[in-house]
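Given chain A, work out where chain B should sit, using these hints.
Which chain is which? The protein sequence lines are A and B, in order. Under my numbering, think of the first position of the first sequence as 1, with each following residue one higher. Under my numbering, think of the first position of the second sequence as 1, with each following residue one higher.
Treat the hints loosely; a few may be bogus.
Stated by the list, open to error - Quick look at which bits of chain B chain A covers, simulated, 3 or more residues with Cβ under 8 Å: (1) 59 to 69; (2) 76 to 87.
As the list claims (entries may be wrong) - On the chain A side, residues computed to face chain B include the following (Cβ under 7 Å): (3) ARG25; (4) GLY27; (5) VAL31; (6) VAL35; (7) SER97; (8) VAL100; (9) GLN101; (10) ALA104; (11) ILE105; (12) ALA108; (13) GLY112.
Unchecked claim - Each pair of labels, with its calculated beta carbon distance range: (14) B/ASP85 <-> A/LEU80: 47 to 57 Å; (15) B/GLY191 <-> A/VAL46: 31 to 41 Å; (16) B/GLU203 <-> A/GLN4: 51 to 61 Å; (17) A/LEU14 <-> B/CYS64: 35 to 45 Å; (18) A/VAL46 <-> B/ASP85: 50 to 60 Å; (19) B/ASN65 <-> A/LEU14: 32 to 42 Å; (20) A/ASN10 <-> B/PRO220: 25 to 35 Å.
Think of the hints as simulated: they come from the structure by calculation, not from any bench. These numbers come from a predicted model, not from an experiment. Every residue gets a Cβ at the ideal spot worked out from N, C-alpha and C, and that includes glycine.
Now for the letters of each chain:
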Amino acid sequence: MTLQGILVINLIGLVLLLWVLNLVRHGRLYVGYGVIFVVAILGAVVLLSVPWLLNGVTHLIGAIFPASALTLLALCFIVLMLLYILTQLTIVSNRLSKLVQELAIERARLKGNAREAGSESGSGNYTK
Amino acid sequence: MTPNANRILIAIPAYNEGGTIAAIVERVRASLPNNDLLVVDDGSADATGSILEALGVTVATHMCNLGYGRAIQTAIMYALDGDYDALITLDADGQHQPEQVEGLLRDFEAGGCDVLIGSRYIAGGGYRGAPFGRRIGMQLFSLIVKLVVGKRVYDTSSGMKVMRRTVFDPLTHWHFVDFHAEAIVYLMRLGYRVGEYPVTVAERTQGRSMYTLVNYFKYPLKTSMLVLLGIIQAGMTRRRRDSS
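Isolated chain A, as found in the complex (with noise of 0.2 Å):
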């Protein structure tokens, strides 16, 4: 790969790099993702701007020539709509996890209501 490519391909890799940290810092992607993408973004960086080690690769594969650029631009497509739905994914998460406490802490408020006007009335149902 050209020195052009490797530039390229570094400052591709330290956006989406920052994207995703930018998007777990937010809550808005789950770290468990988070970590997989950055793992895969330091990888594939790492691949494509050391020429041996993608030569390595291609021949260890089989391949004849390295990645042509119409595969890695349909890499990066799905690698983006992969990130969006993850995104979207993690946000109703959050959001189910919210009502989820919400709902426990209200019901756990209305047992022990109950709780207490139970046994102020000497009525209650509940052994201690």
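Quick look at chain B alone, frame taken from chain A:
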């Protein structure tokens, strides 16, 4: 100030702890009769819920399993809503000794810390049966905390903690995996004081640990990432606080 001068909530997060939860609740009631007790049932699939119902303890039941961090956060939200002055957390697996909480509380009130951790690794503390991998992990995160905040916290993963009301708000506005090193670093970077108190912890005899083989690889990565992001978040929060 005596330990019970303030309103203190004791919270026990529990997930599939049917074998130990009744004994823990009874021991907490016996050793700390003047404090309110809340068990956060994190979507248990075993008999934990029915046992707690029979015991007549206040239970916040998650309809599905949300994880340890969320269970602790539910307890904090409950304490915040209930206007409690402090929150004590204990594990439900029977490893913590509720009888040691009184000493922990006394030290908390006297020491002026915002968070006091029941530590297994400082003089006077003890932990029987810690797996080698976990011991290495704990050492690593203890060093990371030292590196990041300049103070060594020897037991970053202890589930026995006392938290002052002042930290409730920041802890409900940031996300954590397990309220371990990532929470400690976040709070210390925000200027809160975190201390340790020696406790002895027994080996788990029933139930299953939340640390599976996969978690041995996932936990350090996730926690490290949140430590890093916690530093950034705390820095931004402090800057916002200073400018307003």
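Exercise. When the hints from earlier in the document are held up against this structure, which numbers fail?
Worked result: No hint contradicted; all consistent.
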